[in-house]
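S.K.: Here's the letter readout for the chains.
Protein chains: 2
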Amino acid sequence: MPDFAEPLARLILEIKRLPGIGQKSAQRIAFHILRAQREDVERLSAALLDVKDKLGLCAVCNNISDAEVCLYCRDPHRDRHKICVVEEPHNLVPIETTRTFNGLYHVLHGSISPLRGIGPEQLRIKELLNRLHEADVEEIILATNPTVEGEATAVYLARLLKPLGIRVTRIAMGIPVGSDLEYADEVTMSKSLENRREM
Amino acid sequence: MPDFAEPLARLILEIKRLPGIGQKSAQRIAFHILRAQREDVERLSAALLDVKDKLGLCAVCNNISDAEVCLYCRDPHRDRHKICVVEEPHNLVPIETTRTFNGLYHVLHGSISPLRGIGPEQLRIKELLNRLHEADVEEIILATNPTVEGEATAVYLARLLKPLGIRVTRIAMGIPVGSDLEYADEVTMSKSLENRREM
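Just so you know, the sequences run in chain order A and B.
The first sequence lines up with residues 231 to 429 when you count with our numbering.
The second sequence lines up with residues 231 to 429 when you count with our numbering.
By construction, these hints were calculated from the structure, which means they are not laboratory data.
Hints may be right or wrong, so weigh each one.
Copies of the same chain look alike in the list, so a pair counts if it works inside one copy or between any two.
Taking lysine to any residue and the SDA-like style, the derived pairs with C-alpha atoms no more than 25 Å apart in a straight line are [to be verified]:
no.	residue 1	residue 2
1	K282	T377
2	K284	E272
3	K246	R361
4	K356	E424
5	K312	D283
6	K282	Q267
7	K282	E272
8	K282	E244
9	K356	G286
10	K312	A266
11	K284	H311
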């Protein structure tokens, strides 16, 4: 690798820390920044910090939100009888993209992983149970990832929720096992929602 | 596409403006930023602005530099008898990566393009001619891109420089024509430097 002037070398290093960005992409982006208008770089720089400063978690579902209650939970057109449980806020994206689910969400912020020392008590499960008391929930769709940890979390939640008389379903394993929800295409994700099965 | 909380939507939009970043990559990076430590985001944000504020052009070769004279021009170990002419500062990267060129550079900051209204007078050609008076230059290697514009620029420079009694060479067309220097692998780039031909 050639030597870069210090601020450029530092920027390449910082960009390389981002997911999916290798050395060549980082260089390409850094040289783009170098040529860009200062106000455009200022906008990007401010947007980065604003995401850290202006977003919190929804008081109801723990999704990312710029208000106390997120845009799904405060939307009167969403079906309050269905809750789709996901591991992380970004897992909502492929589900929303299908436009086939009109219920609410619950974000666990993780999955059960004994190897990493993460048990059910570290996930937002208590908050999910509290929601069942408040609203008339008919179905809980478990949309945790099709991985060992996601499956373990789904099984744990099914055992916990079914005795409460709620219908508990699991998204179909149409998505390649071992992968991440994030990479699912719209059709596979739609199929997966459609073929959810009783647990 | 789902709705994102405003600061997140804005960050995704800003990241999508970067070269080679589509919607999915932008989302992935934005969610990564959301989860990252604030100090890490601050470092990235500062690095972006520093590149705009702390870098200028080398007074000798017009390469990017954090000092009046860039690190290549001030390096006493580089061969001052050879100058490699490139279009843009980022074109130095694949050449330096080969570690087979030990001369100096000259950055034109563009190429002759009648379609975009760019003539020789808009490029840093006068500065190149001035360097020939000051130093004992034996060879000028034309490493402009293998595109119509890059080739036109090389032909223009060859006609200008050969009457001055300087050896003018062109990097070999081992690199796929119509592509950009940036994408060349090390071996192809080495071959290309090795097979430079008289003009």
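S.K.: Compare the structure with the hints numbered earlier in the document and write down the numbers of the violated ones, lowest to highest.
M.R.: 1, 3, 4, 5, 10, 11
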